[in-house]
Amino acid sequence: MLYDPTIANPNRESPSSMAAAATSQRDLRLDLFRGIALWLIFLDHIPSNIVSWLTIRNFGFSDAAEIFIFISGYTAAFVYGRAMQQRGVIVASARILKRAWQIYVAHMFLFVIYMAEIAYVSSTFENPLYHEEMGIFDFLKQPDVTLIQALLLKFKPANMDVLPLYIVLLLGFPPVVWLLLRQPTLALASSALLYALSWHFGWNLPAYPSGSWWFNPFAWQLLFVLGGWCALGGADRIGPFIRSPYVLALAIAYLLFALFIAMSWQFSALAAYIPNWLSEIMYPIDKINLDVLRIAHFLALAAVTVRFVPATWPGLESRWLRPAILCGQHSLEIFCVGIFLSFAGHFVFNEVSEAVYMQVLVSALGIALMCAIAALMQWYKTIEGRSPGARSKPPDADLAGGEA
Amino acid sequence: MRRWIATLVAILACACAAIAAENPDCAVASHLVSADYPLPRVAAAVHQAHQLDILVVGAGSSTLMGPGGNDLAYPARLQAILAKRLPDVKVKVATNVKPRRSAAEMEEAFEKILMEEKPKLVIWQSGTVDAITGVDPEEYKTTLDDGVEALRDGGADVVLMNMQYSPRTESMIAIHAYVDMMRLVSQQRQVPLLDRFAIMKHWSEAGTFDLNAATRKVEMASRIHDCVAQLLADLIRDGAKLSREQAKPNQ
Numbered sequence: 001m002l003y004d005p006t007i008a009n010p011n012r013e014s015p016s017s018m019a020a021a022a023t024s025q026r027d028l029r030l031d032l033f034r035g036i037a038l039w040l041i042f043l044d045h046i047p048s049n050i051v052s053w054l055t056i057r058n059f060g061f062s063d064a065a066e067i068f069i070f071i072s073g074y075t076a077a078f079v080y081g082r083a084m085q086q087r088g089v090i091v092a093s094a095r096i097l098k099r100a101w102q103i104y105v106a107h108m109f110l111f112v113i114y115m116a117e118i119a120y121v122s123s124t125f126e127n128p129l130y131h132e133e134m135g136i137f138d139f140l141k142q143p144d145v146t147l148i149q150a151l152l153l154k155f156k157p158a159n160m161d162v163l164p165l166y167i168v169l170l171l172g173f174p175p176v177v178w179l180l181l182r183q184p185t186l187a188l189a190s191s192a193l194l195y196a197l198s199w200h201f202g203w204n205l206p207a208y209p210s211g212s213w214w215f216n217p218f219a220w221q222l223l224f225v226l227g228g229w230c231a232l233g234g235a236d237r238i239g240p241f242i243r244s245p246y247v248l249a250l251a252i253a254y255l256l257f258a259l260f261i262a263m264s265w266q267f268s269a270l271a272a273y274i275p276n277w278l279s280e281i282m283y284p285i286d287k288i289n290l291d292v293l294r295i296a297h298f299l300a301l302a303a304v305t306v307r308f309v310p311a312t313w314p315g316l317e318s319r320w321l322r323p324a325i326l327c328g329q330h331s332l333e334i335f336c337v338g339i340f341l342s343f344a345g346h347f348v349f350n351e352v353s354e355a356v357y358m359q360v361l362v363s364a365l366g367i368a369l370m371c372a373i374a375a376l377m378q379w380y381k382t383i384e385g386r387s388p389g390a391r392s393k394p395p396d397a398d399l400a401g402g403e404a
Numbered sequence: 405m406r407r408w409i410a411t412l413v414a415i416l417a418c419a420c421a422a423i424a425a426e427n428p429d430c431a432v433a434s435h436l437v438s439a440d441y442p443l444p445r446v447a448a449a450v451h452q453a454h455q456l457d458i459l460v461v462g463a464g465s466s467t468l469m470g471p472g473g474n475d476l477a478y479p480a481r482l483q484a485i486l487a488k489r490l491p492d493v494k495v496k497v498a499t500n501v502k503p504r505r506s507a508a509e510m511e512e513a514f515e516k517i518l519m520e521e522k523p524k525l526v527i528w529q530s531g532t533v534d535a536i537t538g539v540d541p542e543e544y545k546t547t548l549d550d551g552v553e554a555l556r557d558g559g560a561d562v563v564l565m566n567m568q569y570s571p572r573t574e575s576m577i578a579i580h581a582y583v584d585m586m587r588l589v590s591q592q593r594q595v596p597l598l599d600r601f602a603i604m605k606h607w608s609e610a611g612t613f614d615l616n617a618a619t620r621k622v623e624m625a626s627r628i629h630d631c632v633a634q635l636l637a638d639l640i641r642d643g644a645k646l647s648r649e650q651a652k653p654n655q
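These protein sequence lines are chains A and B, in that order. Going left to right, the first sequence walks through residues 1 to 404 as our numbering numbers them. Going left to right, the second sequence walks through residues 405 to 655 as our numbering numbers them.
Be careful, since some hints might not be right.
Output of the computed footprint for chain B on chain A, the stretches with three or more beta carbons under 8 Å from beta carbons of chain B [as the list claims (entries may be wrong)]:
(1) 202-214
(2) 364-377
Computed cross-link-like contacts, DSS-like style, restricted to lysine-lysine with a CA-CA straight-line distance of at most 30 Å [said to hold, decoys possible]:
(3) LYS502(B) <-> LYS154(A)
(4) LYS502(B) <-> LYS488(B)
(5) LYS621(B) <-> LYS652(B)
(6) LYS496(B) <-> LYS516(B)
(7) LYS652(B) <-> LYS494(B)
(8) LYS516(B) <-> LYS502(B)
(9) LYS141(A) <-> LYS502(B)
(10) LYS621(B) <-> LYS141(A)
(11) LYS645(B) <-> LYS494(B)
Examples of chain B residues lying across from chain A (beta carbon under 10 Å, computed) [what the hints assert, rightly or not]:
(12) VAL432
(13) SER506
(14) GLY538
(15) THR573
(16) LEU588
(17) MET624
Derived from the structure by calculation, the hints contain no laboratory data. Quick reminder that beta carbons are idealized off the backbone N, C-alpha and C, glycines included.
Turn these sequences into a full structure, and let the hints guide you.
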């Protein structure tokens, strides 16, 4: 859907360089929109941040999480699908699992930062007004349980739910890639069936101390597999459908409907125009289980985007979009940086100032830092690629900027 | 948050309340308190029986720790304010408040509470503990739905009260999903809601109270509880008024 193989012009390939051919197939739109999604996730994760009013969750049903998971599924299937064809099932599966392990380590690193933050606040902040809220510090009083539950991915602090979802999705991904390469329609249908079953039976993974996962992997896998399906030929098949004017009109109509509903959350006067039966059907719009309204909203957004931002769009090469593309190419690192910066930004609000100019400043500075770190990662990749002792990597590893 | 741009009408209507308010600080947020739904049993209790029994069911944020804390907390203040405003009505505000209670634990106790206390109005505060322990938001909503139904079946009007706004712990407790669920229950079941979260957030933004302040003193906490009690009293008065206005055309 976002990747259009017809763009990869075979005439441009030099037969001596497989890597060059692979690079020319890279759809920069994936990196661009994943980079932007990472910025939005950062902005949304700073509580009470005025700049987060600009993010897409306030203008419709879906938010940056859908974009991130879909594109991650797309790139993962693209990279590991190719690896599976070239190096076999074992090697590709091993690489997927290694990636899951890297993400697990990154998640635990973020967890330590979170614990450091609440430990600091618990020792410096006191106010009789908030003794109930101080219950959050109880997790520090029993480190044995808390740490083990965190290692098991059952205890997940606020805003730290995306990486555990990503880990579980990758753990289940090897057979999905295998099936996507052979029977793509069956793979997508199975994914949809699992989604439906998880709704019907209320399947979800358990969380600590109670409840279940905030991103239900049984539901969210649908977007991840859909991304993979598009990457491995599905985009070709539905291309004509997506480009039809009726689909475009339908998508725009749905986006406008979602915009109106989203506006009614801010301006209660608008809510009066929404009939009761519609509210009854619509609410609550379930993020945990990836509500159908959210999927539809994401798909409409994607259809419109693909239509107006073609892969050949020259702007993708412009230096103004370069920072976002770089962030998207180093998504794991930049995701972690974003979560850390959102903690740090909120800390600054509390310790220094909550003034509006400060919120704008912290938001802008945070995005600038994310870009700077992405550039640093890119630089590391260049020097490591050039160092004489480095073993040559298979071409597909670089394809997704080393990221899947 | 949804109501923070309230209609001008509501602001004007509440301006009178602001002038009459005992503590001018509280009035800063009075436009966030609008009685959208009637309280018929309260209206009957005030105007016919001249006796109003209110019960506050809640967790730790419905009380203040320390000596004399209960007298400074909003339930005791509410009794004082209502008694003053309604001199010819016998007002009693009882409490069933225990720290660290989830909404489900409170809901289980409703049957017994209704039998023993027979309140005409239950103010039900919940949410913080559910957010800390990560109760499934859907489950939280079901609990609120069931609880509201049980209380109404048991002969009591209900006012819901949500969490406090707490800037220091905002990045640690994922509270918004629960705030949204309570607002949804309020709309769907037509239950008046004291949106404490939005009110306190407004105070914080307007600089009325410094909610970031680290202190052991109960001074600011008691002022906030006093304001919460005043806004609750406004909400109860307006809800009762609304049900009398709605009853008139039928008579």
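These are the hints, each one checked on the structure:
Counting residues of the region 202-214 of chain A whose beta carbon lies closer than 8 Å to any beta carbon of chain B gives 7, which reaches the threshold of three, so the coverage claim holds. Here's how the region 364-377 of chain A fares: 0 of its residues keep a CB closer than 8 Å to some CB of chain B, so the rule of at least three is not met and the hint is violated. Under the criterion of a C-alpha separation no larger than 30 Å, the hint pairing LYS502(B) with LYS154(A) is consistent with the structure, at around 28 Å. For the given pair, LYS502(B) sits about 27 Å from LYS488(B) by alpha-carbon distance, which is consistent with the 30 Å threshold.
Under the criterion of a C-alpha separation no larger than 30 Å, the hint pairing LYS621(B) with LYS652(B) is inconsistent with the structure, at around 49 Å. This hinted pair checks out: LYS496(B) and LYS516(B) have alpha carbons roughly 19 Å apart, not beyond 30 Å. Pair hint LYS652(B) plus LYS494(B) holds up; C-alpha atoms about 25 Å apart against a cutoff of 30 Å. Of the supplied pair hints, the one linking LYS516(B) and LYS502(B) holds, its CA atoms being roughly 16 Å apart against a limit of 30 Å.
Note on LYS141(A) and LYS502(B): the hinted pairing holds, with a Cα-Cα distance of about 21 Å set against a maximum of 30 Å. Our distance criterion of 30 Å between C-alpha atoms is met by LYS621(B) and LYS141(A), whose separation comes to about 24 Å. Under the criterion of a C-alpha separation no larger than 30 Å, the hint pairing LYS645(B) with LYS494(B) is consistent with the structure, at around 18 Å. Using the Cβ-Cβ criterion of 10 Å, the hint placing VAL432(B) at the interface with chain A is not satisfied: the shortest such distance is roughly 17 Å.
For SER506(B), the interface hint holds, since its Cβ comes within 10 Å of a Cβ in chain A; the closest pair sits about 8 Å apart. Interface restraint check: GLY538(B) against chain A, minimum CB-CB distance 4 Å, threshold 10 Å, status holds. For the restraint placing THR573(B) at the interface with chain A, the shortest Cβ-Cβ distance is roughly 5 Å, inside the 10 Å limit, so the hint holds. Given the 10 Å rule on beta carbons, the hint for LEU588(B) holds: about 6 Å separates it from the nearest Cβ of chain A.
Checking MET624(B) against chain A by beta carbon gives a least distance of about 7 Å; that is within 10 Å, so the hint holds.
Hints 2, 5 and 12 from the list above are not met by this structure, while the remaining hints are.
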